[in-house]
Amino acid sequence: EEIDVVSVVDKLSFTINNRVSTLPNNPSTRDKQHIQRRVATAISRKRIPNSAGKGIKTILPVRKNAHSLPETSTSTKRKGATTSDCRNAKRPRKYKSGYNTPYKRRMYGNSSDSEQEPSEKRNLHNNMERQRRIDLRNAFEDLRQLIPEVSKKDRAAKVLILKEASQYCDHLTRTSVNQQKHMEDLKRHQEWLRNRVSQLRRSLAAKR
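Under the UniProt record's numbering, the sequence shown has 98 at position 98, and the numbering climbs by one with no breaks.
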């Protein structure tokens, strides 16, 4: 709770004026001294109860300004310290970015190598693809010479070669099956002939 100092002073002056108005118009020296003592006693009594009885301290505006100045200076110092800390925190980042420049140079320096590697891979891939096409062409040419239907032709399409090769494979398969059956028949006939020869020999030996 704050105390209005101006209102207290006004009340004191009003009380003093009321008391003085009751005094005579032409006081003597003794009366003047008596009035001064009463005024001093009244003022001292007004000050002591207000300050000690309620336990309230009166703070003048001048004192408030005096206390506020150090706070503003302290806040200004804190703001300055915060700004300096922010600047100091930003400086290492600049240093780090400068420290990373050699790595970036190495990356940029290796860019030519990275560009050369794809070109070498591309050339290698092109050479392998070219060789694959040559081998495939030679394989079709060898296959064409093995097929009787297209071997007499100078040139033949790959589709035709594959078609004739498929038909020729089927023909060879059927021929192989037929020959296998004929071979089995020949083996059976050969076995019968051997048995017949052995019988004739035994009969000839018995007649002797």
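To be clear, the hints were calculated from the coordinates, so they are not data collected in a lab. Beta carbons are placed, not taken as given, at the ideal position from N, Cα and C, and that holds for glycine. Don't take every hint at face value.
Now the in silico label distances, taken between C-beta atoms and shown as ranges [unchecked claim]:
1. Ser151 - Ala205: 56 to 66 Å
2. Arg174 - Glu120: 48 to 58 Å
3. Glu141 - Glu117: 34 to 44 Å
4. Lys158 - Ser119: 31 to 41 Å
5. Lys158 - Pro118: 30 to 40 Å
6. Pro148 - Val177: 17 to 27 Å
7. Glu117 - Leu162: 52 to 62 Å
8. Arg196 - Asp135: 56 to 66 Å
Derived DSS-like pairs: lysine-lysine, alpha-carbon spacing no greater than 30 Å straight-line [as the list claims (entries may be wrong)]:
9. Lys181 - Lys163
10. Lys163 - Lys153
11. Lys152 - Lys163
### Query
Which hint numbers doesn't this structure obey?
Checked against the structure, the only hint that fails is number 7, while the rest are satisfied.
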